[in-house]
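J.: One-letter residues, chain by chain:
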Amino acid sequence: MNKTNPILKMRNITKTFPGVKALSGVNFQLYAGEIHALMGENGAGKSTLIKVLTGVEKLNSGEIFLEDQAILARTPSHAQELGISTVYQEVNLCTNLSVAENIFIGREPMKPGRIDWNTMEKRAEELLGRLNIRIDVTKTLDNYSVAIQQMVAIARALDVSAKVLILDEPTASLDASEVEKLFTVMRQLKQEGLGIIFVTHFLEQVYEVCDRITVLRNGALVGEYITADLPRVQLVAKMIGKDLAELSSCSKLDAADDAGSKEVYIAAHNMQKQGTIYPFDLDINKGEVLGLAGLLGSGRTEVARIIFGIDKPDDGEMLIQGQKKKVAEPIEAMKAGMAFCPENRKSEGIIANLTIRENIILALQAKMGWSKYISRKKQQEFAEKYIKILSISTPSSEQLVKNLSGGNQQKVILGRWLLTNPELLILDEPTRGIDVGTKAEIQKLILELASDGMAVMFISSELDEMLRCCSRMAVMRDKKKIAELAGNEVQESIVMQTIAGVH
Amino acid sequence: MKKLKSFVGSREFWPILSLLLVLLFNFIFTKNFFVLEIKDGHLYGSLIDILNRAAPLMLISIGMTMVIAIKGIDISVGSVMAISGAVAATLIGGSLEMVNGANASGTAMPLPLVILIALGVSAILGMWNGILVSRIEIQPVVATLILLTAGRGIAQLLTQGQIITIYYTPYQYIGAGYLLGLPFSVYIVAAVFALTMYLTRKTALGLFIESIGINQVASRFSGIKVKSISFWIYAFCGVCAGLAGLIYSSNVKCADGNNAGLFIEMDAILAVALGGNSLDGGRFSLIGSLIGALFLQSITTTIYAIGVPPEITYVVKAVVVIVICLIQSEEFRKAALGKFARNRRELSEKAAVKS
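First to last, the sequence lines map onto chains Y and X.
Just so you know, we're using my numbering here: the first sequence kicks off at 1 and counts up by one.
Just so you know, we're using my numbering here: the second sequence kicks off at 1 and counts up by one.
Some clues are possibly wrong.
Calculated cross-link-like contacts (lysine-lysine; reagent style BS3-like; alpha-carbon spacing at most 30 Å) [what the hints assert, rightly or not]:
#1 LYS334/X with LYS402/Y
#2 LYS377/Y with LYS202/X
#3 LYS227/X with LYS312/Y
#4 LYS71/X with LYS402/Y
#5 LYS190/Y with LYS122/Y
#6 LYS372/Y with LYS335/Y
#7 LYS227/X with LYS71/X
#8 LYS377/Y with LYS225/X
#9 LYS372/Y with LYS225/X
#10 LYS402/Y with LYS202/X
#11 LYS367/Y with LYS227/X
#12 LYS378/Y with LYS5/X
#13 LYS335/Y with LYS273/Y
#14 LYS377/Y with LYS5/X
#15 LYS202/X with LYS346/Y
#16 LYS326/Y with LYS225/X
#17 LYS202/X with LYS378/Y
#18 LYS163/Y with LYS51/Y
#19 LYS225/X with LYS385/Y
#20 LYS444/Y with LYS335/Y
#21 LYS227/X with LYS402/Y
#22 LYS71/X with LYS372/Y
#23 LYS402/Y with LYS51/Y
#24 LYS225/X with LYS312/Y
#25 LYS378/Y with LYS367/Y
#26 LYS190/Y with LYS58/Y
#27 LYS372/Y with LYS227/X
#28 LYS388/Y with LYS202/X
#29 LYS227/X with LYS273/Y
#30 LYS225/X with LYS346/Y
#31 LYS273/Y with LYS225/X
#32 LYS335/Y with LYS377/Y
#33 LYS227/X with LYS335/Y
#34 LYS346/Y with LYS71/X
Keep in mind the hints are simulated off the structure, nothing from the lab.
When you get a sec, could you build the whole thing from the sequences and use the hints?
T.: So, in structure tokens, the structure goes:
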């Protein structure tokens, strides 16, 4: 490994989007023959950095050097010509074309006037052979597994004498053996002297395959570390933004879990879904806020979706207040007393072209059925009540929801569910993208609801607010529930150690 | 004044204005267009004629509005219309029997049963569409394209490729009869319209439908039974098409598997669009669609009334529709008015310079 001279250097990269500073003065360097992990929570700036590098976005200031030459990729294909190839999370190949066609699409070897199929197929076989893949390249891509498709994408990226290979969350849709296969290929490419940037959320994979780690947080560089020298818990601390020293000194919370009468509201046993979530058991008590901690992609949302009947589990059973219940659709979950604020406000939460009033009464109306129409006057009352309670800022309840700010839209959805008077409220990232003041209001509301006897399941990427609200926490990692913390254990250092997988 | 302003801003304003424009055109250029005569206690005249002839299209537009509101589309309505007529004709059967010089043809089956079976078949066809779209999740255009093609074939099979004449006189009452001076078909349309209005505006169904059309995922997450509502909407659209088929076959006294309801799906979609409804689903206006349907029938009647040669009627119709679409487009209005305003400003500036 040539430590003295990086193959790729990015200096002082700054990128602003209207109103947001996505990257500020970030430095990044990559050596030939190394696998370099790029880590950070959502919105840390990983994707923006990659986009700037590959010419998808223009940078505002900063310099990029490839083998000591200043470069500036104008488009992704220009970046590829320069020697920077990218494989994206969603394989963007054409499954109805052959493997060879996919590898050479847009730059097919030509004979005068037509495509040279023989050369194309031979070279495709050579390229895949380099990755130890031997398949029929004339078959269409959809004959092969996602892992093979990923390899084809890599082969395509490698064809143009790549010097730098960027893998943007390539393992998200692979299973364990497929991941292993990918790692073998990555290690081999590393031996051949390629510099590989590996973006992932899976900590274990980072420690398995990466030489060095660069951590970003809130668009700024946190640091660059040698993998072997950085314990997992410190990596998590750096991603989330807490120093370990600061953590140990952090005093225990005033535990709100001194409830003597713990009444189980919902008990899930052995719930599982192939490829989505490994079997898990989970109890949620009345009057408590149960946190689901874990990094992005660890299976938090999946647990919530299965409990609320959005996804169908392959196996397992659920007891609601001691009675076995099958919940196959959200409406059945609602009738059993549940409510669910989903993670993606825009695509799963609001009905953009309806008014605030209609959005608020929607779930209650669905619960009551179509024939029992809530009178217009009652609707108005309900809407105004929650506009007041949640202090939604709007001129009137007849305003279309799409005209509200993100925070106010979130409050409308919250109002929609509070109106159904649920016994279990599931909140998936309820404070994402919301300003600090509103955040505090929502957290306060959650605690109030729990103290009134509601069971709350709380999912958030921000450990701070989880610690503030939760009396118990289930910790998720790599689609598995790995631990449950209660009482004294609900403190930052322990949670982080559990997330990181060291004790 | 405030009321007027809110009317101008409503989605029904431009469709109504378009309809009034066509009527105004006829008021000026077509002789006797607005004349209503009473013969044998029945009202006759171009206006009545338009109402009667537009009945099938209005019914289908009601069903189509609901389907489009949930972000779907049903292009099989014409075929369902043909099948419904063919079913009725086949069940009635029989041949022309004259008694004392008067038509005394009978029916092989009681009329109410015939109507019920024809509508039942239409409902099943609609349910077929509903299953394909909501359960198997085939794209609505493709799913209903199947029945568009296959349905025409079924209708031809039922009529054995021929035009079956219906001699049974009571059946002819549905599409050609009169009740209290008005065509009976108008009452059918009014009843279906009233029922649909009631279901969508006096129950929560309208809210659910609009919600599904705007955001299906969020609707499901909020507890709306998206699949079952979509299914029943397609079934309803099938029944509307079936009713239209009965009216049409009754009006022309025959079942024609080849031509009954041909291209009516396009007219219905156009009527919905002209009625100010977005083909993207969500908010809908039933009245708008009905006015759209009436508008289309009015220009057809007008074209015949002013004697446009038959070979160019489609072109004339197309031009009128383009103009109406442009008038309804806010973008276009802004652009046109902007230019107008600019011209005026320039003129006044020039005038100012001169003086």
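J.: Hint by hint, where does the structure go against what was stated? Just the numbers, ascending.
T.: When the structure is compared with the hints, none of them turns out to be violated.
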